[in-house]
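Colleague: These are the residues of each chain, in order.
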Amino acid sequence: MSLVPAELKYTKDHEWIQSTGSNRYKVGITDYAQSALGDIVYIQLPKVGDSHSQGKVCGEVESTKSVSEIYAPLSGVVVSVNQQLDSAPETLNQDPYGSGWIYEVEISGDSELSTLLDSAGYTSLIS
Amino acid sequence: MSQYSPLHEFHKSAGAKLADFGGWEMPIEYPAANGGGVLNEHQAVRQAVGIFDVSHLGKVTVQGEGALSFLNSVLTNDLGRLKDGQAQYNLICDPGTGGVIDDLIAYRFSEREIFLIPNAANTAEVVKRLNAAKPAGIEITDRHKDFSVLALQGPKSDEVLKNLGIASDLDYMSFKKAKLEGFEITLCRTGYTGELGYEILTKWDETSPVWKKLLTLVTELGGRVAGLGARDTLRTEMGYPLHGHELSMEITPVEASAGWAVAWGKEFWGKSLLQQQKSDKNHRTLQALMITDRGIPRAGMRVLDEAGEVIGEVTSGTFSPTLKTGIALALMNKKMDVESEVVVDVRGRSSRAVIKRVPLVESHVK
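Going line by line, the protein sequences match chains A and B.
Residue 4 in my numbering is what sits at position 4 of the first sequence, and the numbering runs on without skipping anything.
Residue 299 in my numbering is what sits at position 299 of the second sequence, and the numbering runs on without skipping anything.
So that you can see chain B by itself, here it is in the shape it has in the complex (with noise of 0.2 Å):
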């Protein structure tokens, strides 16, 4: 049974393409016949501004006194270098494995009270690992459906607060409350396109006339509405992982390069596994490709060497608009060089690629 965003009837009549996204039923484009299709939406975002529905994202509080230093004792990253009013992004692992349940937002309104956005597909999940592991007087709470979620992206972000009357003065990673044609929203400067961006929590019930009036203003700027097809091309050039594909209960934060988001002197789930796999140093390594002749990388092709070993499996895999070829992410079996030159086998063809840095694409988020 399919859940729904309060504005699944807008994507319908608007003619998107629904698919599947962790239990929800969210659009991936929008008709072609309307300047839409995942090439137009994911150019709007880079080039001025895009508005996308991600409501099936959970929301989840951590309330009560000592929720901070509780989450801090779970989550990889340290919640204590925050000030009230940042976000962080945070690993949340299985303690036995190390292996990641899943990647979360996590805001700090205050100690005692902390907001976090799980992937809609492993928010249960997360809500029963904390409520199974929480101290008394800290209460979860699974609020998937009192918030929506709406990224606006894009250079031209700014643009659309200012015709909003909302000051654009927050740092990355920072949030606000600010009031949007009445409507009480928290404003969070973040996303997952690489461009500059926020995130808006919005009462679920509220939901139409925020999207409406931000839609309206996008257009007005030479934007659009983009479905989560553009999301995940924009997020493939820039090397976000995406849980389920290079993030999972099989792969580490060590094995995914995602230690940035790891504060290795605290206490976390999973820490002392993680710790030995990284100091053991024979991991698989999470590295980005490019495809240099023609193909596009999909997920589960393998990686081979010149001499047709294989050396790694591709997790993600797409056509980058920006750089018009394929791009992929890959787990290494051993970590390459930079500009080491790998083949891709495409469906038995073999297509040539080069071991690049992320972000893929420049990115413009700071």
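Just chain A, with the same shape it has in the complex (with noise of 0.2 Å):
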């Protein structure tokens, strides 16, 4: 079974979302995303200050069979990466919804907010 928080929003490409204050979010891929992708062994993250659409390809997962897009949950600039991701791109798989969070984007508008999925949403989309 996978894990799906209960606080958490999350897309139908496996993202999860997650306010972090004054219009900025948290962005990772799903428990149910790391294990059907298996061992990860190389994350391209986004840029700092590049601007992403929703929906818009903004950063790639690769396991050692396959890559996977990152689909940008939410428009806006992105605010900041989780560098160690570099380093230690296992850490995605160990702790997604953790240490194994990807970027935070920051918005301008809250339009976009309610093309999430809530936890229930997505359970059943991966069930």
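I should point out that these hints are in silico values taken from the structure, not numbers from a laboratory.
Predicted, not measured: the structure shown is a model, and the values here were computed from it.
Don't take every hint at face value.
[To be verified] Derived DSS-like pairs: lysine-lysine, alpha-carbon spacing no greater than 25 Å straight-line:
#1 A/Lys47 - A/Lys26
#2 B/Lys83 - B/Lys266
#3 B/Lys17 - A/Lys12
#4 B/Lys266 - B/Lys128
#5 A/Lys47 - B/Lys324
#6 B/Lys334 - B/Lys278
[As the list claims (entries may be wrong)] In silico contact screen, one side only, chain A against chain B (beta carbon under 10 Å); selected entries:
#7 Gln34
#8 Ser35
#9 Gly38
#10 Val41
#11 Tyr42
#12 Lys65
#13 Ser66
Even for Gly, the Cβ is constructed at its ideal location relative to N, Cα and C.
Reconstruct the complex from the two isolated chains, following the hints.
Modeller: See the structure below:
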């Protein structure tokens, strides 16, 4: 069974989103996604300062077998990235909702927030 | 319609991720929660011992008076150099194009009986081609589901045999019959990982008890069950070709740097074409490369020179768990000097790489 914390929001592309206050949101991939990918060995992080529109590719996660794109769950500017993933990509497997976060985005409006799934919606998507 | 190994229920209950391999649903990897995953399984084989189910591989017997000389007129390598009880890596090429129908291991039981292990996806084609060409008195039998193949691989393989009371007295690429818990097996010192190891043929219906015994002993020695994902990273580190990637109907043995498996002094299918290609010297050449900055090369990616000109194409690429960087096998338009610097186009980003000799990681097969 995959973990789906109740307090987070989700996308159908298996990202999670967590509010960190003042229009900022942390983004990562779900436990289901890390498990499906297998051992993650390389992460192409977004660049701080770059803007991405919702649904556009902003990074990549690679396992030994395959590559999977990270789609920006919300439009906005990248304000920080988890540099630790460069040297320890396995963190994403070990702690996908904690120290395996990928980047933080600052959004300009909240109109896209309603497009995100809650934990129940995401749970039904993966079950 | 997928075909299944006799260990299919084991793989499912172990929680393995399953995927199609040449029409067979086989385990890619076992759950990380139980210490599995490609990286752990890979390391287990390099450092201790791993056990793989590779029962999807084909099994074909060629029997009858003249079986050896018939096969020797078809296959690239020279079965005449073997004694009974020895096995050999071989290619079977298309007589019209020199392309590779399959690569396979041939077990020489006697001049009248040769056992072939082709790839799962190519077994039917190999059987068809051999049947169409065989002289009278020779029988080709597809025994895909008469035997399974279990691969015991890693430095502690001999200890597993010892604990089974089986003498580990085989030279590389030699085989013998043995008893494992009362079951008859054929044990061949071969493999696809670059480590000391054995491939074990067991009767299809007796696979489960043999597997269970092997798995128990492997686990006791700190080893583990491993899937085909790890088998692929292991073989890529060794530079071993995989049919459909480094060898195919469009890639000849000359191009695939597989000349070591071709005995030019005898006849075989496609010989004159391949000889011509070899002497022309302007053919593509399979080489290994290692990424020196970031990124993981994948099959189909372009290899470029410093000026941005396309000079080759990746046929297999992965992350090397041993070297901790991206590695690849690539068909280069012209053979490059070892240590030449090249660039791989990784989805629009340039990853720097150097041409390397194979194996990329030290081999321990001998």
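Colleague: Check each numbered hint from earlier against the structure, then list the numbers of those it violates in ascending order.
Modeller: none
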